[in-house]
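With the hints as a guide, bring both chains together as one complex.
Here are the chains, one letter per residue:
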Amino acid sequence: MNNVATLESAHDPAVSESTGILRLQGLITGLQGFIWAAYKMMRFLLLFSRQGKLRLQKWFTPLTDREKKKVIRDMMMLVLARPPRSCNFLQWRDLKIVYKRYASLYFCAGLEDKDNELLALEVLHRYVELLDKYFGNVCELDIIFNFEKAYFILDEFLMGGEILETSKLAVGVSMEEADTLQETMEEYMSKPAY
Amino acid sequence: MTVTFLPLQEMIRAIRSARTQCEERGVIQRECAAIRAQFRQADNGGRSHNLAKLLYVHMLGYPAHFGQMECVRMIASPRYSEKRVGYLGAMMLLDEKQDASLLITNSIKNDLSNSNQYIQSLALCTLACMGSAEMCRDLAPEIDRLLRASNSYIKKKAALCAVHIVRKVHDLGELFTKAARSLLTEKNHGVVHGAVVLITELCERNSETLERFRKTVPDLVQIMKGLVISGYSPDHDVAGISDPFLQVRILRLLRILGRNNEAASDAMNDLLAQVATNTDSTKTVGNAVLYETVLTVLDIKSESGLRVLAVNILGRFLLNNDRNIRYIAMTSLQKIVGTDHNAVQRHRGTIVDCLKDQDASVKRRALELSLALVSASNIRSMMKELLSFLSSCPPELRSQTASGIFNAAERYAPSQRWHIDTILHVLTTAGGDVRDETVPNLIQLITNTSELHCYTVHKLYRALLSDISQQPLVQVACWCIGEYGDLLLTGECQETEPVQVTEDYVLDVLETVLQSHMSSPSTRGFALTATMKLSTRITENVDRIRSIVSIYGSCIDVELQQRAVEYNALFKKYDHMRAAVLERMPVIEKNSQGHTNGETIKESQTVKVKPGEPQQPANQVQANAAFYTVFSIVATVTVYEKDGVTVTLSCEKQSDSGLTVTLTASNSTESDIRGFTLQAAVPKSVQLHMKAPSGDSLPARGTAKLVFTFADMSEVYETKVSPVTS
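Chains Y and P, in that order, are what the protein sequence lines are.
For the first sequence, the UniProt record's numbering puts the final residue at 194, and the numbers step up evenly by one.
For the second sequence, the UniProt record's numbering puts the final residue at 726, and the numbers step up evenly by one.
It should be emphasised that the hints constitute simulated quantities derived from the structure, not laboratory data.
Some clues are possibly wrong.
[What the hints assert, rightly or not] Under the rule of at most 25 angstroms between Cα atoms (straight-line distance), these lysine-lysine pairs were calculated in the PhoX-like manner:
#1 P/Lys187 - Y/Lys168
#2 P/Lys283 - Y/Lys133
#3 Y/Lys168 - Y/Lys58
#4 P/Lys97 - Y/Lys58
#5 Y/Lys53 - Y/Lys69
#6 Y/Lys114 - P/Lys335
So that you can see chain P by itself, here it is in the shape it has in the complex (with noise of 0.2 angstroms):
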C-alpha cells in the first residue's frame, strides 16, 4: 500500500516548524493539493487521516470546504474510524446552512438504529450539533422512540438530542412531553439530567405543559434531597457536593416551576432552606450550587425567612476572598436591588468597598449597584465615594460614572450649590467623557439659582485659569463670564471668596479661549459671544472687545466669521439696541420635549423674544437670543379674539430674506361683517409688503375666511439658524 500522504502527525508537526506565515501557508498549500487528490482516488485506507488533516488546517483558520462531500461520504461508510471522523467532519464543516448537510440525514437515520450504541451516539451527537429544522422534523419519531426503549447510554443523549430539536422546531414539544416525564424516575445520572434539561425546555417554550409539570415538583424535591443527604458516591463527587451539575439544573427547574405559584413555592421551601445552610461553601462548587439556590428562592413565592436567608448567603458572598464569589453576587444583588432595597442597601458600604478593587469586572458591577442604592439619605456620602472613583476609574467605565453621578445629582441634590459643586467637579475631572445635553442643562441651572451667580462665576473664573482643555467646562465658563462678568468685576461675593480682576484680565481669559488650539469651533463661538455681551457689562474697555470682533470678522471658521460680522454690525448700526439685546437672560423654564415655540410668543409681545427651548445647544441659544423676533417663529397665534372676531397670525419663512405672516380672520357673530381691513405698523428697519386680501367681509358664523397675507423683506433680521456644532 503506498503511502504518498503525510501521517496527521508528521503534518502537524511540519507546519508547527514552519518559521514563518509563508512557509506555512506553503506546506498547507502542499497537503492541501494532497488531500484533494486522495479524495479523488480510490480507497487506499488513508481516508480517515485525510480528514483529520484537512480539519486541522480547518482550525487553523484555511478554507476546507471541499471536504464537505468526504464527510458525507464518510459518514455512509461501515468503518467505525471513517464513520467517527466523517461525523467529527461534518459537525466542523457543514452547518444547517449548507446543502451539503442535508445529505447526511439518511445516513444518521440508519445509524441511529445501529446494533451498536456507539454509532447511534455519533448520529445523535451530530444531529444536535447541527441538525437542521427538516432534519429534525423528519427524525423526531425516532429520537422519540430511543428515549423510550433503549439503554442508559443513549436514553441520556436522545434527551440532549430531543433539546436541540424543541429548540429548533417548537411544535415537536409535545411529542417528547410524555418520554420526559417517565425518564425523570430512572437511576442513571446523565439520563435523570438529561430529563431535566428537556423538561425545562418544554416548560419554557409552552404554558400549559409548564403546568402539566407542577406534578413532578414532589419528584424533583426527592431526587435533590437525595443528592444533598447521600453519602460519598465516588462517580459523582466534586469536592464533596453530590453530583452539583445535577443539583443545578433541577434548582433551575423548580425556579421555573415555583414562579408565580404559591403551590409549588411551598412545596420547595424546606428543600431550598436545606441546601442554602447545609452546603458547603468554602469551594467555589459549592458556592455554584449556593447562587442557584439563592436565584431560585428570589425568583419563586418565597416565605420572607427563606429570602432573608438568601440575602444573607449574598451578603456573605460580598465579603468573600475570591474575587469570582463577589462579582457574582453583586450581579445577584442588582436584580433584587429595585424589589428588596432595604435588604440591598444594609450592604452598600461592602459594594462602595468594591469600588476600591483592582478588577475592572468587580468595579463595572460596583459602580452599577452603587449607583441604584443612591438615596436622598445617603446622596452626601455616596457622591464623595462617586466622585472619588471618577478621578480614578479605568476610562471605559468614566462616562458611565460621570451620567450617573448626574443622574444622582438631579434626583436627589440637596441644595442648589451642592448642585452646581457636583457637577463643576465633574466637569474638572471627566469633562471629555459628559454627554452633549450636560451643557445647556448645567446653564439652565445656574441661570435658575440667581443666588448663586455671583458665586458660579467665580469658581468657573478660577477653573478657567488653571485649565481650558476640558470643553464642556470651558463653555459653560465662557457663558457665564459672559452673562455675570460685572458680579466679578465687583470684587465681591458672599458665597466665596471674591477675586481681584480687572476689565481687561477678564478679557484676557476670553480671549484665551479664543485663540487657544485646544479650543473646539463651537467653545469659541461661546468665547466670542461672551466677549461681546461683556461691552454692555464693562465700562472701560468696551474698544478693546470692538477690536475683538472686527478681527474675527474675517475669521477663516465661517461660523465665528458669521457671528463677529453680525456683532460688528450691533456695534455699528445698532448700537442703540446693543443693551437691550445683551441684557441678562430671563429664567429658562424647563419645558416639555413637544414643546414649541410659538407658546413662547404668548407669553411675551416684545420684539426680544425669550429664547428658544432649552434643549438646544447653549450656543444655539445664544446666537437666536439676540436675533429672535416675533416673525422667526413658525406657529399659529391667536392675537386678537373679541366680540366673535377671531384673528389668527402665522408665520412662513418663504427663502432667507423673506417671510410670510399670514393672518386669518373668522367670523362666528350671527351676522356679516362689511369692511373689515387690517392695517400693519412695523419698525423702520423692515420692510412689509401688504398683499390684497382675499376679502373685505366676514360672513357670518365664520364659514369664509379673510386671509391677509404680508411678505416681509428684511435684511438685518436674518433668521438663520446655526447648526448645532458640537
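The shape of chain Y in the complex, shown without the other chains (with noise of 0.2 angstroms):
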C-alpha cells in the first residue's frame, strides 16, 4: 500500500498546523427558509487531500450539483494555496470557513457570519478524534475505503449543521451498536427480500 499517512490531532498550539477560515459569499439559493442569518453550525462540510481530491462532502443546504462543484474547486483553491502556519480563517464571499489540516487531509467547515470560528476548529477536532477512535489510528486510507462508515460517523456527531452529541464515549457506542445490526451474509440471505 502506498499513501500510508497517519493523521495526527495536532490540536496543540504549540504544533501549530495551518488552519483557515474562508468565507462563501452569495452562493446559497433556494434558501427560503433561510432568510435570516440563522444561527447555523455549518453550511457545509469537506475533506479533501493535499492532491484535490474529494473524500467526503456533507451539505446542510440544497444546493445544485453544478454550485456544490462551484464551492468544492473554490475551497480546494483558496485552502491548498495557504501557507502553512497561516491564521485557520478566511473571509469569502459572505460566509466564514474554517479548515483545518491534518496529515494529508484537509478538513474544511463553511459557517455563517454569527458562526463561533474558534467552536468549529473544535468541532473538526472533535470528529477527527471520532475518526480516530473508531478506526484505531485512522488514516486517510481508512476513510477512503471505509467512506460510508466516515459519513455514519459524522451522521452521530452533526445533524442539520448542528452539533448532535457532544460526548465521545456516546458516538462510539452508537455506531458499536449499529454495527452489530449490520447482517452477516447468512442473515443477509435469510431475511426477506424487498
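This is the structure in C-alpha cells:
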C-alpha cells in the first residue's frame, strides 16, 4: 500500500498546523427557509487531500450539483494555496470558512457570519478524534476505503448543521451497536427481500 | 451465489491504481455498467455493495442519478445494511428538488415508528438532511411525538430534526414549543443541547415565542453554572472544560434572550462574570467559550463593569500568540468600534502592529479596524502606518487601503498641504488601484488650494520626471503643468526647492507622455490639452506647440485627433480668443449630485462659462471648458423679470450643428401687453434663424404665453461632449 499517512491530532497550539477560515458568499440558493441569518452551525463540511481529491462532502443546505462543484473547486483553490502556519480563518463572499489540516487531509467547514469560528475548530477536531477512535489510528486510506463509515460517524455527531452529540463515548457506543445490526451474509439472505 | 461484480474495496483499489484520467474513466464506466445491470437483476446479496460503489463514484464527481430509484428501493428494504446505505444514498443523491425524494416519505414515516432505535435514527437523520417542506409538514406530528415519548437517543435526534422542520416551515414552530421547554430539564447532554438549539431557532423566528422563553433564563443559568463548577466528567470534558459545545450554545441562547431586555440581562450578569473570569484560556477550547461570552456580554444590556471586562478579554486576545485568537479579537472589536470607540482606541497600538503580521487574514482585519480607528487626533501617526502598509500590502488589499486612506484624509486632514502630499503619495505607490473619481477629486482639491499651486506643480513635475507609468498620477500632473506651468518656469517657489527648467524641458516631458506606449488614451488627451494650454503661458516656443498640435491632427486615435484639429482651429482662425479660452480655471465649487448645469448660467452671463460639474472626469471638463457656451446648456433660465413680465430661456439641441433656443414670455399684470417683440444679437460667428413668434401680444395674468424660437446653426461651436474614456 502506498500513501500511508497518519492523522495526528495536531491540536496542541505549540504544534501549529495551518488552519484557516474561508468565507463563502452569495452561493446558497433556494433559501426560502433561511431568510434570516440563522445561527446555523455549518453550511457544509468537506474533506480533501493535498492533491485535490475529495474524500467526503456533507451539505447542510440544498444546493444544485453545479453549485456544489463550484464550492468544492473554490474551497480547494483557496485552502490549498494557504501557506503553513497561517490563520485558520478566511473570508470568502459572505461565509467564513474554517479549515484545519490533519496530516494529508484538509478538513474544511463553511460557517455563517454569526458562528463561532473557534468552536468550529473544536468541532473539526472532535470529528477527527471520533474517526481516530473508530478506526484506531486513522489515516486517509481508512477514510477512502470505508467512506460510508466516515459518513455514519459524522451523522452520529452532526445533524442539520448542528452538533448532535457532545459526548465522545456516546457516539462510539452508537456506532458499535449499529454495526452489530449489520447482518452477516446468512442473515442477509434469510431475510425476505423487498 | 455468483459474484460478478467487484466488491467495493476492490473497485476503489482499481480506480486508485489507474494511472491516467482516461484509465480511471474506463474503470468507472465499466463498473457503472455492471452496477446498472445489477440494479435490474434480482436480489443477490450485493445490493448494498453496489449502491456503495455508486456513491463512491459519485464522490469522485461522476454522474450517479440512475441510482436514485435504487436508493428508494433500498430504504424500503427490511435489511438494516441496505437501509443504512439506502438512506446514505438518499442524502447524497436526492435533495428536496428531486421528485424522487417524495417517494421516500412513506418509508421514513414507517421507519420513524420502528421498534429499533437505529432504524428510527436513520429516518430522522435523512429527514433533517434533505426533507422538503411537504415532507416536513407531513411528518411534523410524528417528530413531536418522538420529542416527548422516547429514549434520549431518539429525543436528541428528534430535536434537531424539529429544528430543520422549523427552518423549512416556519409556522410549525408552534407545534414544538411545549416539547422544547420540557426537554430542557433532561439530564442527557445531547438532549439538552438539542433542546437549546431548538429553542434558539424558535425564538429567532417568532418574537412572541421569544417572550415566552425568557422565563427559561434562570434554568439556563442553572445548567450553565452546573457545567462551569462541576468536576471532571470524562464523558464531556475537553481540555478541562466541561462540555464546551453545550456551554457555547447556552451562551448564544442567553444572548438572544437578554438582548434589549433589562430583566433577563440582569439575571445572567453574575453567570457571565463567572464564566469570563473562571474559564481557562490557555487552550483554544477555553478561548472559544470566552469568545462566546464576550459576544454575549456586548450584545445584551450588561452593566458597565461587565462590559469593561469583556473588552479587556478582547484586548488580551489581541496579544495572544495564536493568530486565530488575534483574528477573532479584531473581528469582535470591529463590531463594537462604533459603540465603544474609546475602549477600542486603547488597543490601537496592538492593532496597528497587526498590520505587519505575515498572515493575509490578520492583515485584512487589522486594516479594517485601523481605518475605523482613525480620528482627528491620531491622523498623522495613523497615516504614516497606513502609507507604509500600502507600500508592502498584498495586492488584493491595495484598493481598499487606498480608498480608506482617501476617506480618512478627506475627513481629518490637518492641512491642505498634508492632504495633497498624502494623495500624491498614494498615487505614486498604488496608482493603479485607485478609483476613477480620484483624479477629478484631486484636481479640484489642487485648484481650490491656490496658495499651494506652485508647490503642487513642482512636486508633480518631479514625480513625472521619475515615473510616467501610473496613469492617475500622470493625468493629474499633466493637468497641473498645463494650468500652472508658468509657475514652474519662474524658477521660484516658497514651499519647496524650485526647478530650473526651460520651456523646452517642460514641453519635452509632456511630449514624452504623449508618445509613451504606457499612456492610456485619456492620459494622452490630458497631455495634449496641457500642451495647448501652455501656449498662453510660455513666450518662446509657441511654434513648437503649434507643430505638435498639427501633427496630432492626423493621429489614429479619433479622440486625440479631434482635439488636435480643434486646437489647430483655435490657432488658425480664432487666435484672438485663444488667451481667453485657455486662461486659468476658476475655483471649482463642489456641487451636490443633483446639480444641473443650468444653474451655472445665472452666475456668469459671459460666453465663457464655468466648467461643468466637478463630478465629471477632468478630461471632459477640459474639453468642454473651451467650448461651453450659454447655448450648449439644456435648462430653463429666467432671463428677465420686471414689471410683471417674465421671460424664460430654454435651449434644446436639435442636431449636431443646430440648437433651438426658446424664449417664453408671460405676463402677470392686469392688462394686456401689445406689440411685444423680441430682438436678438449674436456674434458674427453664429448664424441665427428666427422663426415667427406665436403672437405679439401678451394677454393679462399670464394666461397665454408667447413663444419665440431661434434656430442656431453654428459650425464652430459644436457642442460635442467627449465620452468618458477612463
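Status of the hints after comparison with the structure:
1. P/Lys187 - Y/Lys168: Within the cut-off at roughly 17 angstroms; holds.
2. P/Lys283 - Y/Lys133: holds, 22 angstroms
3. Y/Lys168 - Y/Lys58: holds, 20 angstroms
4. P/Lys97 - Y/Lys58: Judged against 25 angstroms, a Cα distance of about 17 angstroms means the pair holds.
5. Y/Lys53 - Y/Lys69: OK: Y/Lys53 and Y/Lys69 at ~12 angstroms, within 25 angstroms.
6. Y/Lys114 - P/Lys335: holds, 12 angstroms
The earlier numbered hints are all upheld by this structure, with none contradicted.
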